[in-house]
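Top line first, the protein sequences correspond to chains A and B. Under this note's numbering, read the first sequence as residues 1 to 265, first letter to last. Under this note's numbering, read the second sequence as residues 1 to 257, first letter to last.
A couple of the hints might just be wrong.
Here are a few chain B residues that face chain A, going by a calculated C-beta distance under 7 Å [to be verified]:
1. Arg149
2. Ser150
3. Leu154
4. Ala157
5. Arg160
6. Gly167
Covered stretches of chain A (in silico footprint by chain B; criterion: 3 or more residues with CB under 8 Å from a CB of chain B, positions within the stretch not fixed) [unchecked claim]:
7. 59–65
8. 85–95
9. 136–142
10. 198–209
11. 237–248
If you're looking for bench data, these hints aren't it; they were derived computationally from the structure. Quick reminder that beta carbons are idealized off the backbone N, C-alpha and C, glycines included.
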Amino acid sequence: MAEGIPAAEFVRFADVSVVFGRGAASVQALQAISLSFAKGDFVCIVGPSGCGKTTLMQTLAGFLRPSTGAVSVDGQPIAGPGPDRGVVFQQPALFPWRTVEANAGFGPEMRGIDPAQRRARVETWLARVGLTEFRHRYPYELSGGMQQRLAIVRALVNEPVLLLMDEPFGALDALTREKMQEELHAVWRTSGMTVLFITHSVEEAVYLGTEVVVMSPRPGRIIERIAAPFARKEGDRDIRAIKSSPAFVAMRERILGLIWGMAEG
Amino acid sequence: MLRSSFRFWIGTLSVLLALIVWQGVVAVGLAPGTLVPPPASVWLAFLDILRHGYRDTTLAEDVGATLGRALAGFGLGALLGVPFGLWLGMSRRAAAAFGWIVQFLRPLPPLSFLVLLILWLGLGEASKIALLTITAFPIITSASQAAVRSVPNLQIAVARSLGATSGQVFRHVVLPASLPMIFTGLSIALAATFSTVVAAELLAANDGLGWMVLSASKFLRNDVIMVGIVLLGLLGMALSRLLLLLDRRVVHWRGRA
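Using the sequences plus the hints, can you model the full thing?
What follows is the structure, encoded as C-alpha cells:
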C-alpha cells in the first residue's frame, strides 16, 4: 500500500459528481458522492433504478470520467480502465470466437504474461468453478450460469486488486444465483480481494457485503451506509440458515424500507 | 428441421420435374423447339461445345474467363473494401470525409461506368476487372464499416479492463466481432459481381460465358444461349456455396452468441 494512504481509503470517491448532457437537457447522475473503503472490503451498492449505481462503478472502472471530483485506488487517481480493476457485467460479454480456455486467459495473454504461468492460472480457476471439461468448447455451448462463471473467471485470472461487479447474477435463475453467491463468497474469503458489487437484490447485498451502501435517485446520492456482519461470520456457512436468521431478516427489511420510502417520496 | 438427405432429394425431384415439364411443353407442340430449346437439345449443344468449343474458344476458356474476371474483381474489391470499411468504422473523421463518396457509389448501377472505363483502360481485361472492383468495393466497404459500428460496447469495455491496448482491442475484439457482418457483405458483393461480369461480357468481350450467350443470340442458337444461362447459374450457385462453407467455418458462432 502506498505511503500516507489511510487503510480505510484504499478506494476513495472524493466529491464525485457526474452530469450527462448540457443545459436544460442535462441529467445529474451522481451528486457529490464521497465514499471510501478498505482493502478486503466487500461493498454492495443497492438502490432503485436510476440511482446512479452503474455510473458510480463506471467512474471506478475508468470507463467514465467524473464531471467533478476524483476517484482513486491506493492513492492513485483513475485515468482509465486497467487490469488492476476487473469488471463483470450482468451480460457475460464473452468472446464467442474464443474457446472457454482462451476467454479465461484473455487478460494475461494481452498483458504478455508468460504462457506457462497463464495456462496454470487458467487451469486452476476453470477447475475451481467446474469448467475444466468445457475448456475446449465455445461460450455459446455453455448454459447461462456457466457463461457467467466464465466471465468471473476471466476477471479473476487477471488477478486484479479490485473486482467490480454490476448485477452479475441479475440474469440467472434463483437457484443458480444462490450457488453463485456462495462460490463468489468463498473466492472473496480466500483471496482477500476487494469487491464493489452492484445489485437490485437487497438480500444478496446483505448476504455478500461487509457493507451495504444505499443510494437514492435524481440525483444519485448516498443516503445510508450500513455495516453488515454476515459476510465475515465464521463457522457454519449454510446460506439458507443465514438468510432466514432474525438478524438477517431485520437488516434486509430495514434496507428494503429505505428503498420503499424513496419510491413513495 | 428437415434431414439434409431429405432436403437434397426434394430439391432434385423439383429440378427433374421442371425439366420434364419443359421437355413436355415442346414435345406436345405448345412451343416451337427452335424458340424454346428443350432440355435434350440443350444437353446435346452442351456436349458439342464441350468437345469442340464455341467459335474458336473452348468451354474451359469461356468458363475460366468469366470466373477469372469475377474472382479478380471480387478479390480486389474485398482487398480494398474490407480495410477501408474497417478504417471508416474506427475513425469518425474518416467516415465524415469519405462517407458520402461510398454512399454515392453504392446505389449506382456499375454498368453505367463501363463506357468510361473502356475509354480509359481499353477493351481488355483491365476495364472489366476495374468495373467489377467498383461493383464489389462499396458493398464490402459499407458492410465492414457497419460491422465495426455494431461491435458490442461491453466486449470492448471488458477487453480494455483486462489490460488490452487499443491495438489489441482492434485485433482481438473489433476484428473478430466484425467478421459475421463482413462475411454477409462479401456474399452480397459476390452475387453483385457475378451478375455484373455477365452484363459486362454481354457488352464488350471476346470470350466468357456472357459473350457466348450474346454471340449465340446473333446466330439464333437458342440452345447455346440456354447452355450459357444454365452454366452461369450453376457457376454462381457454386461460388456462393463456397463462400457459405467458408463462412460456416470462420464465423462458427453466427446466430449462436
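We went through each hint and held it up to the structure:
{"no.": "1", "hint": "Arg149", "result": "17 Å, violated"}
{"no.": "2", "hint": "Ser150", "result": "14 Å, violated"}
{"no.": "3", "hint": "Leu154", "result": "4 Å, holds"}
{"no.": "4", "hint": "Ala157", "result": "6 Å, holds"}
{"no.": "5", "hint": "Arg160", "result": "4 Å, holds"}
{"no.": "6", "hint": "Gly167", "result": "10 Å, violated"}
{"no.": "7", "hint": "59–65", "result": "holds (count 3)"}
{"no.": "8", "hint": "85–95", "result": "holds (count 8)"}
{"no.": "9", "hint": "136–142", "result": "holds (count 3)"}
{"no.": "10", "hint": "198–209", "result": "violated (count 0)"}
{"no.": "11", "hint": "237–248", "result": "violated (count 0)"}
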